[in-house]
Amino acid sequence: MSRNLANPSCVLYAARNLVIEDRPVPEITDPHYVKIAVKKTGICGSDVHYYQNGRNGLKVVKSPMVLGHESSGVIAEIGSEVTSVKVGDRVAIEPGIPSRYSDAYKSGNYNLCPCMVFAASPPNNGTLARYFMVPDDFVVKLPDHVSLEEGAIVEPLSVAVHSCRLANVTFGDRCVIYGAGPVGLLIAATAKAYGATEIMVVDIFDDKLELAKQLGATHTYNSSEDRGASEDDNRTFQLAAFGGNVPNIVFDATGVEACITAGINLIKVGGTFMQVGVGKVKIEFPMAAVGNKELTVKGVYRYSHDDYRLAVKLVGEGKVDVKKLVTHRFTFDHAVEAYEVVSQGRAVKCIIDGPEDAE
Amino acid sequence: MSLKLENPSVVLKQVGEIVIENRPVPKLQDSHYVKIAIKKTGICGSDVHYYTHGSIGPFVVKNPMVLGHESAGIVVEIGADVQNIQVGDRVAVEPGVPSRYSDEYKSGNYNLCPCMVFAATPPYDGTLARFYTVPEDFVVKLPDHVSLEEGALVEPLSVAVHATRIAKVTFGDRVAVYGAGPVGLLIAATAKAYGATEVLVIDVFDNKLELARTLGATHTYNSGGDRGLSEADLVAKQLAALNGIPPNVVFDASGAEPCIRAGINLIKAGGTYVQVGMGKDDVNFPLTVMGTKELTVRGLFRYSYDDYKMAVKLVSENRVDVKKLITHRVKFDDAVKAFELVRDGKAVKCIIDGPEDI
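Residue numbers (our numbering), protein chains in the order written: chain D, 1 to 359; chain X, 1 to 358.
Just chain X, with the same shape it has in the complex (with noise of 0.2 Å):
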């Protein structure tokens, strides 16, 4: 049982090997470093991807890895130079710490930083074990009303929150959203909280399509009979689902190319296109629509300044309905069970409790 162990780690022996180990208790690197007792962990497409694939892109799992990267805990050590966060204090983890001298940090883009150190992406440990250290301004402290286990899903909210701020979504905006899972699902959420009126969500399974209208969505559309459709016939049934009207913003977050050609596709002329989802390296995408549309296109990647703060707000003031997500709780020693659910398809989101306290 891991409740005997000083620092019980869930870590990615190789492909399809997932064990419970005792690791070094981690110290505080510098005075500015916070120590948190890990209590609730999301698991993300990420983290099964690198359990079923051994990488993702670039990222190769070459050594045994910590995984887990969404993650709320309690504060049990604070270094010296900490001034806003105690000893005690309930925290969403912020599991990227970005290197404080790169430009891409010093223009405000810290996600896009080259020495981004990321929790569970090799070679880096993630967050699955009874402690983990960031720097104090990669915490935020959770309001005594948000439950860990919201803060916990604060991880996937800030990219959501990242992709709306990125699109700039306001009041009046028509906004479609490819792809339910936990990403697609916050989206929509967050897009209504920033003042969507239309929003509308795309996929093939009715009960997540479900979940979407309980989370904000306004029109949902089940395009799980459309295989085989001309792009013309495709892109006219999800415009009758939006009541005719185009929407202005369109995220994809599934990352699949017919999903991609749809929402160009679908999109009003000078709207803006957000890419989300992670897929195929290289698609076949509309380039000439894109021009004659002067649509905007833009990447997105995690999340950057304020995203994460902005997270903890939304929860906070009941925007966002976060616990609405979760489908499954697991212990900490029966780590390797959730990530076999979560590979075969049958949660949203499930969370792993921290390690029993010794």
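Same shape as in the complex, but just chain D (with noise of 0.2 Å):
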């Protein structure tokens, strides 16, 4: 059982190959750094690559590396000039660390600075073991009544908020969302609280859709049946869908060719086109379309300035109701089965909790 273990820890040797182990249990060098108990971490499709397939795109493990990056916990340690947090505090931890020295982070944008230490990352160790250490601001502190389960799924929904002040979201507008995963949920929720005030979610599964109704989506559309309609067929269906609305702001949450084609096909003029989701490096892509409608279109990756603030905000202030997402609770010694079990693809958030404390 690990919770005798000192600091036991979630490891991937290779693809399918994970193992519990002990680790060293990490200490504070530099006084602005914190050390947390991790409580609950939630599982990310990122990581079932690697659990699959022992890489994710460009990324190889080469040597074992500890999983997990959407965590939650308490604080066990802190160091000498930290004083945002004490011991004891319960906290959503944010897991990139950025050089303070990079042109990217003194621009305002540290998500794309190129010494990011990113946890579970080759080579970098993740948040799934006992203890994991970053400095004081990069932890937000959790309300009373935010659970710690909550607070581990401030991590994707870091993503929709970034993705949506990217969007410059803002009351009026009328939002299509492909993508029911996590992301594009959390993105309809987060556009909703933003002030969207027409939001379509566009996925293949019925349950996926019920959910983005509970999360705030005010229509909803399955285009399972719609493989090898016409690019127009499409967007007649997808207009209807959405009540003849043309949205202003597409978020592409999947990564798929065929739905950033619709996306940009039914997007507005002048609109704004949000590329969150990961797929193919090189697809088949609208560009006359771009010209011709003016759009705008932007990358995002990852969260930066005060997204994680405003995520934990958007939860205690209870505009996102992130805890419809948990389908899945899997104990520390578990985890191996919740990385099976997500990779069949039947969770949408499963939550694995940290270990047991020693007896």
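Calculated from the structure, these hints are not laboratory results.
Mixed in with the good hints there might be a few duds.
The calculated BS3-like cross-link candidates involving lysine-lysine, where the alpha carbons are at most 27 Å apart (straight line), are [claimed, not checked]: (1) X:LYS168 <-> D:LYS293; (2) X:LYS293 <-> X:LYS237; (3) D:LYS208 <-> D:LYS319; (4) D:LYS298 <-> D:LYS280; (5) D:LYS298 <-> X:LYS168; (6) X:LYS35 <-> X:LYS323.
Note that the coordinates shown come from a computational prediction; the quantities given were computed from them, not determined experimentally.
Fit the two chains together into the complex; they arrive one by one in their own frames, and the hints show the way.
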């Protein structure tokens, strides 16, 4: 049982070779850092790629790596210069630490820092262990009424917040989101919180579309029957499903070429298209439409200044009910089973508990 | 003579009293720092204000303080983690180091960091000494053809760059600048470099307006005779000075209430007004005009990400001839004279040499 290990960690050795082993307890050496006892961790699609294939696109696991990056926990120790949190505080953990000296950081875009150290992105270890350490400005204190489980979902919610802020979503906006995975669902909920009045989520599973409605989507569309339909027909069907509304903002949370094409065809002239989902490196893209419709096309990569804080605020104010995403829960010692379940595509969001305290 | 002192420094002891005295040679604060032998330093209006008043707004000189913040020099020592700067490099020195942990720094606005350590803003010492230290990303290497004197002018030029970038000056813009002090002059030159096609500079001294023209202003206006005119008449005259077409971008580099009011009244509807100059804390401001014209009014404070680098580039590519601002040059040991000169309003930009080598 992991409870009697000093720092039990879920370590990926190779594809489908995930073990729990003890690792040295990390020690604080920089006075700005805090040590967190990790209590809840969500599994992300990227983790699943590493689990199934030992890689995620170009990022390859070359040596054993601790998994996990969507975590929350309780502060166990603080460095000598830390004043913003104290031992015992419950926090959401922002798992990517940039260089404080980079141009990207200095210009307000630390998510793009070339020296970013991101949990569970090789070769960096992740959060699925007893302890994890970050600087104190990379944790956000959870209000008393926000649970640690909700705290773990702050990570994907921050991606949704970053997407909505980059798109400048505001009252009256009409949004279409392709993909009802956790990120797409959270974008729908966040866009609603930011004032969008018509929000349609498009996917091929009715149960996911139902969940989208519970999270704030005003319209949904199941496109599973439309393979082989022409681009014009796709546009007609989706426009009808949206009640004749033409969206001024479209988010792609699939990475799939057909969805991206549909989104560009559907979007209003002058609109903003947000590429959130990660798919093939190169696709066929309707570039002429970008010119003719004078579109703004923006990429989204993780999250940046203030997104984490705002995500916690959205949960704290009851604006986004992240609990609705949790479909599976496992104890730490059953982490491997958790990854198997998620690999089979049966979960929306699966939460793994932190290791139990030693006896 | 300062020649024999290890680290001779120009110190403001109290209001009205500046002396040269020796001070400990600064050490590198951490492995990212570099140590610079200061060679050229320009005097700024703020330095003189501390000399004559001992304070600027909330910043009060409570202890003796080394003056100076517009400097360039030669790197003499580098920390262990310094990668892009070498001993011997000639650099412009960015004199304000923020906290790397602040929200302001992290959001791309480090100039607004509440923990900013700025040279010669109390209680922090300035650059008018033999040596000064900053982290390596707060120096900008000067190309070989750019002199150290020009390097010292990069500091006020960076304010002009920051102003111009905030206003998003671009080709075809019509710009008006109130105030032909060094900052106003450099804003005119920078706006021109960024593509403005009409640049009007307004002041009360013909010689400064002439200098504005040599720096790129396309129009000038001497408002010295206009005291007592109604605001409508003032605007009409300034508009006429710009051939009857209002500016869409206005910079106030005077801080003077009549200029601020004139600028808001002159600017085109939908335009952008940038407050650069510092004057009274509270002024009578035409708020209704701001509303009905749907103006964007922006404040400005020093300079931020990339401004220093852009300023060096402007000089290097000959887009702004900063040398034209220099009216006086003084040796280190005559620093007190330099401050008196500037205090008495006799200089545009006065440069003080670094101490001679031992």
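Going down the list of hints, with the structure as the test:
1. X:LYS168 <-> D:LYS293: holds, 25 Å
2. X:LYS293 <-> X:LYS237: Satisfied, since the Cα-Cα distance of roughly 20 Å is no more than 27 Å.
3. D:LYS208 <-> D:LYS319: Within the cut-off at roughly 20 Å; holds.
4. D:LYS298 <-> D:LYS280: holds, 17 Å
5. D:LYS298 <-> X:LYS168: Measuring from Cα to Cα gives roughly 21 Å; hence the hint holds.
6. X:LYS35 <-> X:LYS323: Roughly 26 Å between the alpha carbons, so the hint for X:LYS35 and X:LYS323 holds.
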